Structure formats: C-alpha cells, structure tokens
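J.: Listed here are the chains, written in short residue letters.
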Amino acid sequence: MKALELRDVRFKYKGSENWALDRVSLEVEKGEFVTVLGCNGSGKSTLCLLTNGLIPHAIQGDLQGSVEVFGKKVAERPVAEFATKVGIVFQEPESQLFCMSVEEEVAFGPENLAVPRDEIKERVEWALELVGMRGYNSRSPFSLSGGQKQRVAIAAALSMRPEMLVLDEPAYALDPVGRTGLYSVLRDLKEKHGMTVILAERDAEEAAAFSDRIVLMKDGKMLGSGPARPMLSDPDRLRNIGVRPPQVTEVASLLNARMRTSKFSFLTVEEAERGILESILTSRKGGKR
Amino acid sequence: MMGGFIDLYTEADTFLHRMDPRVKIVAVLFLSLLAFILTNLTLLLALLVLIFVLLFLARATITRTVFALKFVLRFMVLIVVLWPIFDPTGTPVLASLGPLKITEPAIWRGVTSAVRVGCLATVWYILMFTTSQRDLVRALVKIGVRFDFGLTLAISLRFLPTFGALIDSIKDAQRARGLELSKGGLLKRSRNYVAVLVPTIVSALRTADTLSLALQSRAYGARADRTYLRDLNMRSSDYATLAVLVALLVLPILAKFVMNVAI
Amino acid sequence: MIPSAHGIPQEEKIISTRNLKFTYEGGVQALHGLNLDIRHGDYVAIVGGNGSGKTTLAKTLNGLLKPTSGTVVVNGRPTSEQKVAALAKVVGYAFQNPDHQLFCSSVEDEVRFGPQNLGYSEQEVRQKVERAIEAMNLDKLRSVAPLSLRLGERRRVSIASVIAMDPQVLILDEPTTGLDSGESLELMDRLKRLNGEGKTIILITHDMKVVAEHARRVIVMANGRMILDSDCRGVFSDLAILGESSLEPPPVTKLAHRLAKHGISPDVVSAEELVVQLMKSGGGG
Numbered sequence: 168m169k170a171l172e173l174r175d176v177r178f179k180y181k182g183s184e185n186w187a188l189d190r191v192s193l194e195v196e197k198g199e200f201v202t203v204l205g206c207n208g209s210g211k212s213t214l215c216l217l218t219n220g221l222i223p224h225a226i227q228g229d230l231q232g233s234v235e236v237f238g239k240k241v242a243e244r245p246v247a248e249f250a251t252k253v254g255i256v257f258q259e260p261e262s263q264l265f266c267m268s269v270e271e272e273v274a275f276g277p278e279n280l281a282v283p284r285d286e287i288k289e290r291v292e293w294a295l296e297l298v299g300m301r302g303y304n305s306r307s308p309f310s311l312s313g314g315q316k317q318r319v320a321i322a323a324a325l326s327m328r329p330e331m332l333v334l335d336e337p338a339y340a341l342d343p344v345g346r347t348g349l350y351s352v353l354r355d356l357k358e359k360h361g362m363t364v365i366l367a368e369r370d371a372e373e374a375a376a377f378s379d380r381i382v383l384m385k386d387g388k389m390l391g392s393g394p395a396r397p398m399l400s401d402p403d404r405l406r407n408i409g410v411r412p413p414q415v416t417e418v419a420s421l422l423n424a425r426m427r428t429s430k431f432s433f434l435t436v437e438e439a440e441r442g443i444l445e446s447i448l449t450s451r452k453g454g455k456r
Numbered sequence: 002m003m004g005g006f007i008d009l010y011t012e013a014d015t016f017l018h019r020m021d022p023r024v025k026i027v028a029v030l031f032l033s034l035l036a037f038i039l040t041n042l043t044l045l046l047a048l049l050v051l052i053f054v055l056l057f058l059a060r061a062t063i064t065r066t067v068f069a070l071k072f073v074l075r076f077m078v079l080i081v082v083l084w085p086i087f088d089p090t091g092t093p094v095l096a097s098l099g100p101l102k103i104t105e106p107a108i109w110r111g112v113t114s115a116v117r118v119g120c121l122a123t124v125w126y127i128l129m130f131t132t133s134q135r136d137l138v139r140a141l142v143k144i145g146v147r148f149d150f151g152l153t154l155a156i157s158l159r160f161l162p163t164f165g166a167l168i169d170s171i172k173d174a175q176r177a178r179g180l181e182l183s184k185g186g187l188l189k190r191s192r193n194y195v196a197v198l199v200p201t202i203v204s205a206l207r208t209a210d211t212l213s214l215a216l217q218s219r220a221y222g223a224r225a226d227r228t229y230l231r232d233l234n235m236r237s238s239d240y241a242t243l244a245v246l247v248a249l250l251v252l253p254i255l256a257k258f259v260m261n262v263a264i
Numbered sequence: 610m611i612p613s614a615h616g617i618p619q620e621e622k623i624i625s626t627r628n629l630k631f632t633y634e635g636g637v638q639a640l641h642g643l644n645l646d647i648r649h650g651d652y653v654a655i656v657g658g659n660g661s662g663k664t665t666l667a668k669t670l671n672g673l674l675k676p677t678s679g680t681v682v683v684n685g686r687p688t689s690e691q692k693v694a695a696l697a698k699v700v701g702y703a704f705q706n707p708d709h710q711l712f713c714s715s716v717e718d719e720v721r722f723g724p725q726n727l728g729y730s731e732q733e734v735r736q737k738v739e740r741a742i743e744a745m746n747l748d749k750l751r752s753v754a755p756l757s758l759r760l761g762e763r764r765r766v767s768i769a770s771v772i773a774m775d776p777q778v779l780i781l782d783e784p785t786t787g788l789d790s791g792e793s794l795e796l797m798d799r800l801k802r803l804n805g806e807g808k809t810i811i812l813i814t815h816d817m818k819v820v821a822e823h824a825r826r827v828i829v830m831a832n833g834r835m836i837l838d839s840d841c842r843g844v845f846s847d848l849a850i851l852g853e854s855s856l857e858p859p860p861v862t863k864l865a866h867r868l869a870k871h872g873i874s875p876d877v878v879s880a881e882e883l884v885v886q887l888m889k890s891g892g893g894g
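Residue numbers (our numbering), protein chains in the order written: chain B, 168 to 456; chain V, 2 to 264; chain C, 610 to 894.
Treat the hints as calculated values from the structure; they're not laboratory data. A few of these clues could be false.
To be verified - Restraint-style ranges between C-beta atoms, simulated for each label pair:
1. 798/C x 407/B: 12 to 22 Å
2. 75/V x 182/B: 46 to 56 Å
3. 144/V x 301/B: 25 to 35 Å
4. 632/C x 12/V: 24 to 34 Å
5. 202/V x 870/C: 32 to 42 Å
Keep in mind the model is a prediction, meaning the values are calculated, not measured. Note that beta-carbon positions come from the ideal geometry of N, C-alpha and C, so glycine has one too.
Using the sequences and the hints given, assemble the complete structure.
T.: What follows is the structure, encoded as structure tokens:
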C-alpha cells in the first residue's frame, strides 16, 4: 500500500479559472521523504491540502481524478478519518496554534479522538521530545519564537501518531536559526523514525541534503520527479520553475561546463569540498596562487 | 498592551490560586450578589474589608491592584461626586443652588454605591489574578457550557495579544505612509481608520481560514465524546469553601427578605 | 573593531545616530548605544537574527520609534523633534508584510495614498504616482484591486506606494521573502536602478544570499549592538561574526572557507566567483 497515490488529478478552486493542479500523477511510498519544489502558484500547497482530505471536504472546488491516502480515497472519507494517518503543518506559525499553552495544543488532537488521559500524557511528552521542545508545556504560544511555534505545530500533528507528515513551506516565516532547528527535526523524523514526509518548499537549499525524492512543479503541472541528485543537478531547470538552485549544485554545474565533463555532482558543502579537493586542488599540491 | 489588560493572571501558590476555578466563579457571583443585596454602608464596608483580606491572601500587591483598577477608582470618585447632584431627596440639606440640592443622605447613598462598585471590581480582579484563562475556560465547560463555546472563548483570548500586536504593526505601517490617526475631526479620523481596519480584517480572516483547516486536521468534532488531559477535581477544601459561600449568601438573604432586617 | 564611517563630511550624511538606545515599554532594551552614519546613495544591508535589534533600529530611522536616549538625526534634524508623517517625506519604510499596508480598491489609489497624506498638490501627486508605478512596473495593474494580486505583485505595490512619497531613503524589510527566483531578481534589479538614481537603500534581512549579491555595505547586528560594519567581503570572510549573530553565510562562502588553506579566498559570495578561482588555482584538471 502506498502512502499517497494521485492519479491524473485535476483541481480548480471555486471561483477560479485556472487549474491549480493539472493532471498530476504521483506516488509516495511509505517511509519516503519527498520534497515538492515550486514557487507561488505551482500547486504544491494544493497538493498538501489533498493529502488529508481538506480538499475536497473543507475547501470547495472541482476535483477530478483519484487521490488515495494509505489506500483510502480522500473524496469518500471525512477529514477526521485521515487525522490519524496524516499530520499537516501549514506555513504560518501564528494561525495554526490556537490553544493557550503548548501542552494543550499538542494534546488537542488526541483529546478530540477521546484517547485515554494517561496515553495523551505520554503522547504529549513523546511529541515534545521529538521536536526538542521538552519542558515547554505551560508556555503560551504568544511567547514563543517563530521556529519554536512551528516545532510545536509539528508536535501537535505528531501526537495523533500519523503515518505521514505533510508540511507546506514550514520555514517560510523563519529566521536562519529557526530554519535550521526545523530542518534538523525533519531530518531526525526521517532518519530515526522512518516517517513518511512530504515537504513543499520554494528553496532547494536544505531539501537537497536529505530528500529521497524531489518533485518539480510549475503552474499546477508536475514537471519531473526523481532522486535528489539528478533532479537538482541542472540549475537552469530549477530556475525555470522559479526555484533558486542550491549553490553547491550550481558550482558543480559550472565546473562541469568549464572542464567539459559531467563527473561533478554536489548536494552538500561536504560533498563539494571532497569533490573539489580530489579533482581540482590536489593536482597542485603546495598550490600556486 | 491588550494582552496585559486581559491576562491579569499571576502565578503563585496561595489558597486562592489552588482553589477549584468553579468554586471561584461561584464565589465571585455570590459576593457580587451580596454586594447588591446589602444596602447598609457599614456592612458593605465590612464586605470590602473581607475582599481586601482575600486580595492579601492572593498576594496581590497594593500598587498592582491600584494600577489595574485605576479606571474603577476614578469611576468611584465620579459616583461620589455626581450622586448628590442628581439625587436631591432627603434631609438635612447641606447646600442648594436653585433646583440643585445637596443633601446628606444623598451623599451617603453615593458613597454606598461607590463602595459597592469597589467590591464588585475588586472581587472580579481577584478572580482574574488567581485564575489562568485556561482554567477559567475549563471551569465554564465543566459547569455545563458547551465545549464549542468554551473553545471559541479560549481561542479569542489566545488571539487577543496577537491581534493587538497586529494592529500596532498595521498602524505603524500606515503612519510610515504619512497617515496621522489623531488628526482631524471625527469624520476624517473615521476615514483614516479604514486604512487600519481593512488590513486588520483581511489578516484576521486569513488567520481564521488557516485556523479552521488546522482544527479540522486535528479531528476537531470527530466524535461526540472527548477526553481532557487536565481535569478539574474538587477537593475537600473546595467543598468547605463552597459551604461557607452558600452560608455567606443565604444568611443575608434570609435576614433581608424573610426576617426583614434592614441590611 | 568596527570600521566606522566617521570622517564623512556632514553634508553627505543623511541619517546619523549617536549613542542610540532604545528600550521597549516592557523593559526590554533592544538597542545598546549605536553609532551609525548613512550616506546619500548608500546601499546598506542591516543583518541579524531575530531579536538582534535590526527591525527596532530600522524603526528609529524613520521616527516610528523615538530614541529612549541618544539621537537619530535625519537631514540635520533629530527625529525626536519631527513627526512620523514629516519624516515619511525623507525616509520611506516598506514593511515586510505588504498586507499590513494594502487597503484600497485599486493599485493606483493605493500608490496615491502616501503622497496625498503628505499634502502634495494634485499635480505633484499624479507625477509621483506615475513615477512610482513606472519604477515598479505596475502600469498594467493600475486598476486592479491590490488584495487580489499575487504576493510578488502585492509587494511591488507596497514598495511603489512608499516610493511615491519620493523619499531620499528607502528602508525595505525582508523584501525578497516569499518571492520566486525570477520575481526576486527583478525586484532587486529595480532597487539597484533606484540606487543608481541616487536613492539610499537600506535592506533589513537575514537572507545572506541577497545581501551578498546586492549590498555594498553590511551592518551586522547581534543583541542590540552593531558587531560589524563593513563591505560584503569583510563580512563574509568573518565566519565567527556571522555565527555570533545567528546568521548563515551562503553555502558557497562556507565552501570557500573550507578550501581556504588551498589558496581559495574565503570572501567568495557566488558560485561563479568560486569556480573562477578554482579554475585559476588548479584547474585544467
């Protein structure tokens, strides 16, 4: 059973002329970390809203094609039924935290599902631990930084023990420290807990490091899908969809062009350092300036 | 600034802080009712003293209380000053100017009303000071208010400081475009406020939108039953307090309405 | 030590702060005695993480916040003696969230709002509006309702509405957040053009890539203090300073630092620059 299966999906928001999603077919396996890259209007946010049934149940529009999440069709089951399968985190830290304390926020989901109190307590501690916010139980959301708020939002989604986590530009409003914190949480979720993750992003920089797969979207269409390395190796392809390519992949691409080769492929600063030392700088030990 | 007005809660470990919030709500209601039943100034002053004792027990400092109740204090002074002017009945008359008569009983009535207002304001202040918003809302729901309403109230309280900050930010943004909010007559000022109101409402609606999606994503309304992480439990001290409160209210009611004692 | 801008002739300075301190109402001190001189035509980026004080500093430069102590002098007069509306004629401030400013039913009305408030004659207002619309390429959108536009367009409208007041200084708070790469390039291009025409540009941002590509002068803030005031090269070669202000240098700069012992200069700010150096150092492969 796949985590997510979209077959020839089209969606138009009510009152809109354009297809927000135009013939998209996508499969996500359990345990995969997929980053969907695209800019405003690419359809990546719409895609996120499909994963737990918000589209078509909470958001009106014309949905065509088949969307199945863990084997169930989203159009046929209520949103609440997907709550235990899919956790979703939106881009605005402020508008998705509505309780008066961190603890209440994280407990809200399980409370709605009538989970017994002792278990709720456990889940709250577990979720806060996972996102590095242990001990913040009685803090109010107003007193948290943007990065902390987003981590609480993730914890609030995790406490329902979903099998898949979907995040729509979670780092949008965050400063560098917030971003780093958030991405390290996501990395942990993938590497230590094998969670299926769908991450919608406009910036390829962090995604490069640990995505299993990258999906490129533009104007509602899926332009490509594949492992991170080949998908990110062509900077022009990324610029074409309005996404800034990771700088190290730009370096690799330029080196390939200059040296008329295609051996360079860097996804991280470490890889780039190694690759450059091996191939370029060691050829002149004791270096000429 | 708005958050400070609504959230007067100060964490401390006092008898009043530990009291079950439902009992506190009952206490405030009963004491408020008592303040209206009593008409004898001496008894009302005694009630005020009792309330101040509670303030002391809650470890609320005088300075903080005075600051929080600034507006009320001014209102009280106003009552004392204006009452005799609008209530010319009774004797002896202390001063008169045409139809205006300042009588001694009227002054006392003014003072009585002012003390009553003081009792009410202070007792509600104690409630807010010793009870977190979270507990207040939970108490209301436990008493029988529907969870939906409780959640709506909680969300409103939660967003007050946020929207306060938002409005400040919008005001700043528009001031930076030359908007002067305190200039001009009533009409001009109202039109100026459109520049603040529209962005505020748009932001609020956007927030509400995302909020609604977040609520649904967390299975809100999925089931009719619901569990609670933290629950309220009455302890023996709470029951005892409740008993005292009932007595405190029932006795004066009996005295006044049944035995016709003038209190 | 901070290489400061002392020694600039008085006439060239458009904004000066002396021992600027600011404390918020709740008691939090956000600025600890800053001395800063901004010259006509500067292109400055003020960078720092959340809580570094960069936004607070920016708001003192146009009078939204008045110094708790110390002075901010704009065009020769302290801001404490001027109203925000009067300062708006000299220092324009485009907020990070354009939705905090937009409220009119058409882009043109929106852009008019500022100059109208400043009391210019109808003819002057029209001139300024036209120039602003042209500068931000909004001609085709002039009768559209701003709130129905995409984020990139809304941001252009918000910036146009500030430009229309014809200020000498333009402060922009995180102008590239949320824009796609094309929109971002276009916006920064327009700002470059404006700078070329003599406008002083002050960017408040934590996006070091944008800073690297555009700012000529970078002021790094941390904990309410200026910890570095230098040109781009100076800032990027100092990783320690960047770390102190919770900022990340662009990946290519991090890479250059790691390769520094092999002769690569660590103040590289773009992929092209690095590759050029690599080709010279050891290339030919």
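J.: Enumerate the violated hints, using their earlier numbering and listing them in ascending order.
T.: Those not satisfied come down to hint 5.
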